[in-house]
Each structure stands twice: as C-alpha cells, then as structure tokens.
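S.K.: For the protein sequence lines, the chains are E and S, in the order given. Anchor point for the first sequence: position 200 equals 200 in the numbering used here, and the numbering is continuous, going up by one each time. Anchor point for the second sequence: position 8 equals 231 in the numbering used here, and the numbering is continuous, going up by one each time.
Treat the hints as calculated values from the structure; they're not laboratory data. Among the hints, erroneous ones may be present.
From the structure, some residues in chain E lie toward chain S, with a derived Cβ separation under 10 Å [said to hold, decoys possible]:
1) A53
2) I127
3) I132
4) Q176
5) G179
Listed next, with one range per pair, are the computed distances between beta-carbon atoms [said to hold, decoys possible]:
6) D131(E) <-> Y477(S): 41 to 49 Å
7) D479(S) <-> A53(E): 27 to 35 Å
8) T242(S) <-> V51(E): 28 to 36 Å
9) V27(E) <-> S376(S): 39 to 47 Å
10) R129(E) <-> Y477(S): 40 to 48 Å
All of these numbers come straight from a predicted model, not from anything done at the bench. For glycine and all other residues, C-beta sits at the position ideal for the given N, C-alpha and C.
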Amino acid sequence: MTFNPAILLDNWRDLLDGLVLTLLIWVVGTVLGLAIGLVVATLQLFTNRWVAAPLTFYVALMRGTPFLIQLFVIYYGGPSFGLDLSPLTAGICGLALYGGAYFAEIFRAGFVSVSPGQIEAARMMGIGRLDIVRHVQLPQMLVIILPALANMTVLLSKETAVLSVITVNELTSVVQSIGSTTFAFAETLLFLALVYWALLEIVTAAARRLEKRVGRFMLRAQG
Amino acid sequence: MSEGPIIDVRGVWKRFGATEVLKGIDLSINKSDVTCIIGPSGSGKSTLLRCIAFLEEYSEGEIYIEGELLGFAQEGGKRRRVSEAEVARVRRNVGFVFQQFNLWPHMTALENVAAPLRLARGIAGDEAARRAGAMLEKVGLSARAGAYPSQLSGGQQQRVGIARALAMEPHIMLFDEPTSALDPELVGEVLQVMRDLAGEGMTMAVVTHEMGFAAQVADTVVFLDHGRIAASGSPEEVFRRDPNPRLRQFLQNYFDRNVFWQSEEGAAS
C-alpha cells in the first residue's frame, strides 16, 4: 500500500464541485438557521404562550433527535405529507431547521443577558418592541453570544456531511465515491478532514474579528 | 390641555401577590410643582413612582396624566388593560430617570440621547443629533458626547440619563432615587442639574433620600410609610412641624446617620 495524494489531483474537478456544494449548503443552511433562530427566540420571548409553546416543542424536537433521522423524515417521509423535495432542498431545509433550533436557544440566552432596566428605559422613551430588539438588545447580546454562534456554525459545517446519505453530492459524498473506486481511503479521508478543519479555522478567525468590532464599546471601556 | 393637575393619583393600591405595597394613595401634582417623596425603604415610594410611569401596573384606583387615564380603559364599570402603544401615548410627556441610570452601554452619550428621538419620534438623524448635543450641553456634558457610558463617572452617566429624558420634551420628570447609586462626591452635580430644572419651572416628582434637596427645592414633601401617605405639606410643615411619630423617627434616623461631628455641648453641628 502506498500513500498517493496525486489521486486527489486526478479528481480535482469532482472534489471542487463537492466543495462548492458543501459550502453552498453550509452557508445557505446557516443563514436560514440564524434567521429561524432569531425569529423563534423573539416570538418565544415576546408573544403569548399559545405562540411560544409550539415553538418550544419544535426546539426540543430538533435538539432531541439525531440530525440523520430528521433528514430521513424530511426527504423520505416528506412525500407522504405531500412534501416532495429534491435531495438538495430537503438537505438545506433540514440543516436550517436543525441549526435554527440551536440558534434559537443561543439567541434566547442573549436576550435575557440584556438588563431589564435598559428595556424599561427604552419602553419609557416610547421606543417600539422591534426597535428595542434591533437597536438595544441585539447589538449588546451579539458580543456575548458570538462565540456560541460561531461554535454552532462550525458544527453545522460538519453536519453537511450527513446530507450524503440522502444522495446530495457534496464533498463527503464525492470523497467517498473516489475512495471506493480507487481504494485511496487514507488520502481522500485525510483531505476531507483537512477541509472541515479549514472551515473551522476560517469561522473562528472571522468570529474573533467580528467580536472585536461589535464589542468595541466594551473594549474601549477597559482601556 | 386640561387645567387640572399634571398627575392625579386617586385611591391607588398596588399588590404583589398577598403583599400590599401601596394602600390607597391620593396625590396631585400641579404644573411646575416639585414634589419630593421620602420614606423608609419598603415604604412603597419607588413603587408609587413606577406606577405613575406605568412601569408597574397598579392594582386598584386611577392615575390620570394630564386628564387621561393611564394604562386602563373604563368599560361599563370594569377596567380593561389597554395596549402597550396606548400606554406609550398617554405617558408620552412623562420623563423618567432611573436609580441605575439604565443607559444603553453600546451607544455613546450622544447616541443615548439621540436614539429615542429617532426611534420613538421619527426625527431625522442630523436633527436628532443636534438636539441631543443641545441637551448634553444643558447638563454640562458637551465635552463627553462621544464617550461610552462605561467611560463616564456615575454622576456623568446620570446626567446623560436626565438629558435623554429631557430631549423628549416631557411635561413632567419623574426621578427614582437619582443619586442613590452615586458616590457621595458625585451627588452634588446631579442635584445641581435637578435644581436648575426646577428653577426653569419643570414639573417634577422625586423619590429621594436627599433631605437637603427636598427642603430647599420641593414645593411639597410627601412622607410615605407602609404604603400610605403619612404626612405631606411644605418642607417647613413636614420637616419641622408634622408630629407624626413615624416621620419624626425617620427624620431622627436620618440626622443621626449624617451627624459626623458632635460638639462639646452635645449639639449636632
């Protein structure tokens, strides 16, 4: 047996396609997940229990079941409910719904971290609910929850690999098929691991920079 | 605008579960009056002020702001809680200054004052900033307009809090122990701003432990005890003449705490 990374070069076009698809799934899934999380957390906190209870159930369901099963339910079980999605659409929706539940929990903790007195002051000045969320709560809580958001984003990048089981041709799926035809498992899987690791480093670096930017009012306070 | 009192509190009760914090408060505040509310901790004075701002929902009675019932609508003898927007409309002319300042830490002093003008009054950014600058100048903080709250002293933060409330051009200002969270040497600058406001004819209700301020600035001093108004009148009447034993004891405690030099003859100096 020899270690032959050239296998990767021979298949660069397939690998690139896979990588692009992985990035697409990850970015779209994360952005949608963030949006779902923010909306869910806001509704949970600022509406009555008739709205909040089903959302709490959704969050518990997504956090309490494996992502793999959720994907199966959406993709294979979906048609039984009239939900006929392509593998890619099902995968992205699945990832967004899964991530959204975790993001909702993170946002909820963030909302609670802003002191009630600040909210009272804003209400007293006649500022509306949504403006309070947008201009008073979000800018402050972002500083606090950014590490948790970045962490969840990294986790989602790795969950994209699960989409290979519903025949989405993302990177893991491409690498597996190269491996099974060339038997170069070590080279391909090592490459795969390195790519996910690179994604982690990119997200972490971006989060650090963002933390400094949004937290400038806190950093200056220390100086 | 009605000719009656700016604030009219009638028979207000406030209960937290089984605890009765306010037990039938009647209080009128007329235009340009400065009313200081004093009393031991737990007497309900902050709760009363928060009820007047509807930061707490009162359990019984009525509070009128410039003739309009606050927080509720009367319907066939029953009262119904009105929407948050309606509450905001009725109290639009009420400014509130908090013990803990409650500035928004991610905004500069100027932004703290300008943001409500933009967000609640729809005033354009430039104009809001101009007005905010003028308000900061009024409280003597023009030079610190670009500072974040954490870069300001407590006294400066509270002056920003006052400027923020003033920028909305309120008809009455409510102060909830505005100097209680401050280091003693910073109390004076905040009281001076409040004195100036009173001098300009601003209607004010102040919950305070600063008896000197109450004695010099107040038109009416109200002594709250166990959720009831136990004494009220001019500073002269309340501080010198009112015989209520709880009031006398409260004032005695205050004097004892603040005496720091006892002369040979035993008189407080």
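S.K.: Could you run down the list of hints and mark each one as holding or not?
M.R.: Now for the hints, and whether the structure bears them out:
{"no.": "1", "hint": "A53", "in the structure": "22 Å, violated"}
{"no.": "2", "hint": "I127", "in the structure": "5 Å, holds"}
{"no.": "3", "hint": "I132", "in the structure": "8 Å, holds"}
{"no.": "4", "hint": "Q176", "in the structure": "47 Å, violated"}
{"no.": "5", "hint": "G179", "in the structure": "50 Å, violated"}
{"no.": "6", "hint": "D131(E) <-> Y477(S): 41 to 49 Å", "in the structure": "42 Å, holds"}
{"no.": "7", "hint": "D479(S) <-> A53(E): 27 to 35 Å", "in the structure": "55 Å, violated"}
{"no.": "8", "hint": "T242(S) <-> V51(E): 28 to 36 Å", "in the structure": "31 Å, holds"}
{"no.": "9", "hint": "V27(E) <-> S376(S): 39 to 47 Å", "in the structure": "46 Å, holds"}
{"no.": "10", "hint": "R129(E) <-> Y477(S): 40 to 48 Å", "in the structure": "42 Å, holds"}
Checked against the numbered hints above, the structure violates hints 1, 4, 5 and 7; every other hint is satisfied.
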